[in-house]
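Asks: Sequence:
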Amino acid sequence: MKKKLSMILALVLTLCLVLSLSAVLVGCDDLPGEGPEEEIDPNRTQLRIGNYYGGLGDGWLNELKRQYEELHPDVQILITNDKPSFTPDQLKNSIATDKHQLYFVEKQYYYDLVNDGKLADVTDVVTEKLTKYGEDVSIAEKISDDTLREYYGGKTTGNKYYGLPSYMSHSGIVYDVDLWENKGFYIADGSTDTNVKYTKGDNKSAGPDGIKGTRDDGMPATYEQFKKLVKKITASNVTPFIWSGGIGVYQTMATTAWWADYEGYDNFLLNYTFSGSYTFDGDSTPTQITEENAYMLQKQKGKKYALQFAKDLVTNPNNYTLSSGGTTKDHLGAQYEFIKSYPSSQPVAMILESDWWENEARNNNAFSDMVPKYGEKWAYVWHA
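Residues in the sequence shown are numbered consecutively from 888, following the working numbering.
FYI, nobody ran anything at the bench for these hints, they're computed from the structure. Do not take every clue at face value.
Claimed, not checked - Okay, derived cross-link-like pairs now, PhoX-like style, lysine-lysine, Cα gap no bigger than 25 Å in a straight line: (1) 1227 x 1087; (2) 979 x 1019; (3) 1188 x 1115; (4) 1084 x 1099; (5) 970 x 952; (6) 1087 x 1115.
As the structure is a computational prediction, the values presented were derived from the model and not from experiment.
Please work from the sequences and hints to get the whole structure.
Replies: Have a look at this one:
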């Protein structure tokens, strides 16, 4: 754990896309209400920001506040961190009377708020050239075609913007690199589905991307290799998995990752764009997907494969910790158990998580609490 922790974004491990795009949305009104604890400066204009305050926390937002207030000393940014107040359903119901002008939220469906007329038009800000900041492009020109498809559905409403994607997160499997190196769980070069060889780090395979020298070196390139790896892990007296038994979304995110990985980027994205073609099992020609027949995507092969793979894993209780099979341990508890498992001689190889988990664990003192027991070398996570 002291060197690094790394993420597998799906079980075929092709770093396939599984995105949860968050948004920055702009409310219409500046309405009265109780502000955050920071004292209001009557000599400055206040900009109130509502932050969902999920796994990413607020460190990044506080830094943006600092930088913005340096550029605009006449503006005071007031941040409210409150997850329950800024969930998609709650915000949809409250935004018309809420006191904040700007929101950083997660999984908020953009058009729910746009169609209800609850967001301000920020097209001028988004399309203006950023010349005063040293750039000759606009924010709109920086938005990739992929992001347009994923966030805006490939379009904007009347060529207008009412919000922007602010970050995206990846979900899948995090593994303990120290454990991999000490136990020799890396896939060795020359391995096949029928003959998987292992290494502690020398002569690792090229991994799923087939290119040596990248971060997936030594990772399973196929589901069959991964299944054999899980058996190797259990035979080494190591528990392969831990997850939050009390919060089902982590299992859902993992199976979604496996589904996306099987289907590939374009086929997976059909479930959001309803535009394209797909060849279903038993068909010799592709079916054009539209909003009218998009229900057919429930028959995508990747969905069945992901569920079967999940079933294969959970059928054997040796594949996961006792707490994973219960309903009492939340994500913070699972993170803490994972972090302390290796130095406590009850190693767990992998955790089902998302890329914000280190921030959550750090805020929960999961790393610092280990210092008295294991020393500084166990207290921090390596960052790329």
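Asks: Let me make sure I understand: some of the numbered hints might not hold for this structure. Which ones are they, in numerical order?
Replies: Violated hint: only 2; rest satisfied.
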